[in-house]
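Work out the full structure, taking the sequences as your base and the hints as a guide.
The sequence shown maps to residues 1 to 455 in the UniProt record's numbering.
Derived from the structure by calculation, the hints contain no laboratory data.
What follows is a list of derived Cβ distance ranges for each label pair:
no. : residue 1 : residue 2 : range
1   : 286       : 232       : 55 to 65 Å
2   : 290       : 210       : 18 to 28 Å
3   : 57        : 286       : 34 to 44 Å
Beta carbons: idealized from backbone N, C-alpha and C, even for Gly.
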Amino acid sequence: MTSTKSLSQQSFYQRFFKGITSGSFLLMFATLVAVIWANVHHHSYEEVWHDLFSLEVHTLSLKMSWHHWINDGLMAIFFFVVGLEIKREFLAGELSSVKQASLPIFAAVGGMVVPIILFFSFGLEGEAGNGWGIPMATDIAFSLGILAMLGKRVPLSLKIFLTALAIVDDLGAVLVIALFYGGELQWTYLFIAFALLGILIIANYLNIQDLRLYTFLGFIIWFLFLESGVDGPGSGLHATIAGVLIAFTIPARPKVRVDQFLTRINKEVKHFVNVPKNSNAMVLTSEQLHAADEIENAVGRVRSPLQYIEHQFHGFISVFVLPVFALANAGVVLGGGHEADAFGMVSFSIAFSLVFGKVIGITLFSWLAVKIGISVKPKGASWLSFGGLGLLGGIGFTMSIFIASLAYPNAPEILNQSKIGILLGSIVAGLLGYFTLKYSLKRDEEILKRGDKLK
1 MTSTKSLSQQ
11 SFYQRFFKGI
21 TSGSFLLMFA
31 TLVAVIWANV
41 HHHSYEEVWH
51 DLFSLEVHTL
61 SLKMSWHHWI
71 NDGLMAIFFF
81 VVGLEIKREF
91 LAGELSSVKQ
101 ASLPIFAAVG
111 GMVVPIILFF
121 SFGLEGEAGN
131 GWGIPMATDI
141 AFSLGILAML
151 GKRVPLSLKI
161 FLTALAIVDD
171 LGAVLVIALF
181 YGGELQWTYL
191 FIAFALLGIL
201 IIANYLNIQD
211 LRLYTFLGFI
221 IWFLFLESGV
231 DGPGSGLHAT
241 IAGVLIAFTI
251 PARPKVRVDQ
261 FLTRINKEVK
271 HFVNVPKNSN
281 AMVLTSEQLH
291 AADEIENAVG
301 RVRSPLQYIE
311 HQFHGFISVF
321 VLPVFALANA
331 GVVLGGGHEA
341 DAFGMVSFSI
351 AFSLVFGKVI
361 GITLFSWLAV
371 KIGISVKPKG
381 ASWLSFGGLG
391 LLGGIGFTMS
401 IFIASLAYPN
411 APEILNQSKI
421 GILLGSIVAG
431 LLGYFTLKYS
441 LKRDEEILKR
451 GDKLK
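In structure tokens form, the structure reads like this:
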């Protein structure tokens, strides 16, 4: 009989996959529109996204292109949600214990290190070599979207593994962006920002759950990160890092524990039912209103701010932020011309590193972790299925394009080539991953039916 915990876990991941994959079609559609637009009328595509927009809030004034607003603003919200996911997984999810976390962490490290090594092996020189961080990224929305296409045949353990791997991968990407893809800094701005972060950390420790405090100080911290570069907004420590750091300060503890919540809810529901009432009345009595308010208050206090925000933002990220980002960033010029060659060594090195680096790194490091006894391979999955997951990890797309925009800010030709490599590598990795898993999962089912062990 399935345990209550496993049912609850399965229900959580079903909701998580539905939220993540619901925007995959929009993301794909936005990408297609961006590519067609950039090739049919490249001038208008560039003009729209580089048009300036000003925002003034009291004494604060910001003037940036729409492209920067999306990459430094909307993507900060995306990374904020990524930060919430990372924190939740480390506190109470698949990364909350060494035994649970070891396999996806080893796999994610391999999936970052091997692609970087392969990229460097091509010997790209000068500015072209700055893109070494591009093939280390995994797009969680697309990879889980393709996994969802395989239906109920995919074991829950593999879904959880890929989710945890992608989250660790995101953490690695955040660290790489913070350490290697920032410009010269104005430290005064950052000192103030970290002082404000300290205030939020203390508020978290005291379990202060007023989201107005976190929103107000969070906006100021984001602004200070944005202005931390000596060459203007967005040229210093990237503003998206602020989103992750702010997410880590959001309280994860509810005001009311589950056992207290159930007692309180049952008491108020019983009170509501027992209150004398007129069956023909169109409005509640004052006592019923009081009971309803108490129930509403209890519901609000049993949800931690972290879970509440994450739940509220997932739809916004999936159906708006990521599609808009793709529309503004995925417009690659496929034909030759003065803008860029259609395909070059940068394109090939990125595509090759995404496809082969990810599958080799993820599968090899997972195998080593199991072989030396640090981790245990999930039941119901063969190493061939792990290879399929490794290929899905090669779908870099959103994160890879974002890192490419940081790696080649002043080299449009190289940036265009990198985007072509990302698109090509992601498509190849996605197709190979899908068909590999389709074959391996069917074979795994047949082996298990015969009573044999998976290898």
